[in-house]
Amino acid sequence: MIIERLVEKLPIRSDFQKLVIGSILTALTISLGMVGILRLADFSINAVIPSTFAAIGAAVYAARMRKSAG
1 MIIERLVEKL PIRSDFQKLV IGSILTALTI SLGMVGILRL ADFSINAVIP
51 STFAAIGAAV YAARMRKSAG
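If you read the sequence shown in our numbering, its first letter stands for residue 1, the second for the next number, and so on.
Rather than coming from a laboratory, the hints here were simulated on the basis of the structure. Here the structure is a predicted model, which is why all the values come from computation and not from measurement. One should not assume that every hint holds.
As the list claims (entries may be wrong) - What follows is a list of derived Cβ distance ranges for each label pair:
no.: 1; residue 1: Ser51; residue 2: Arg13; range: 26 to 32 Å
no.: 2; residue 1: Pro11; residue 2: Phe43; range: 36 to 42 Å
no.: 3; residue 1: Arg64; residue 2: Asp42; range: 30 to 36 Å
no.: 4; residue 1: Leu10; residue 2: Leu32; range: 15 to 21 Å
no.: 5; residue 1: Lys9; residue 2: Gly36; range: 22 to 28 Å
no.: 6; residue 1: Ala47; residue 2: Ala69; range: 22 to 28 Å
no.: 7; residue 1: Gly36; residue 2: Ala62; range: 23 to 29 Å
no.: 8; residue 1: Arg66; residue 2: Asp42; range: 36 to 42 Å
no.: 9; residue 1: Lys9; residue 2: Ile45; range: 31 to 37 Å
For every residue, glycine included, the Cβ atom is placed at its ideal position computed from N, Cα and C.
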């Protein structure tokens, strides 16, 4: 994933901080990307849907990082 490589380049020593930053970046990327694409298509959806996908993406990122650390 692009975000994993980006977080690895950050000068942070704590794995927990990397996990938090990566999860936030993943959530923002998914949410803003989904809203932007739907705006371009002139399509409106419930505001909860992008947030839900963002939360799922952040959880998946956290699970992948935990699996690779252990």
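CB-CB spacing for Asp42 and Arg66 relative to the 36 to 42 Å hint: 39 Å, holds
Asp42 and Arg64 - C-beta distance against the hinted 30 to 36 Å: For Asp42 against Arg64, whose Cβ atoms are near 34 Å apart, the range 30 to 36 Å holds.
Consistency of beta-carbon spacing, Gly36 to Lys9, with hint 22 to 28 Å: Distance hint for Lys9, Gly36 holds at roughly 25 Å.
Pairwise beta carbon distance, Pro11 to Phe43, judged against the given window 36 to 42 Å: 40 Å, holds
Hint check for Ile45 and Lys9 - Cβ pair distance inside 31 to 37 Å: 34 Å, holds
26 to 32 Å as the expected CB spacing between Arg13 and Ser51, which holds or is violated: Check passed, 31 Å falls within 26 to 32 Å.
Cβ separation of Ala47 and Ala69, checked against the hinted range 22 to 28 Å: 34 Å, violated
C-beta pair Leu10, Leu32: status relative to the range 15 to 21 Å that was hinted: 20 Å, holds
Whether the CB-CB distance between Gly36 and Ala62 falls inside 23 to 29 Å: Holds, since Gly36 and Ala62 (Cβ atoms, about 24 Å apart) stay within the stated range.
Of the numbered hints listed earlier, the single one contradicted by the structure is hint 6.
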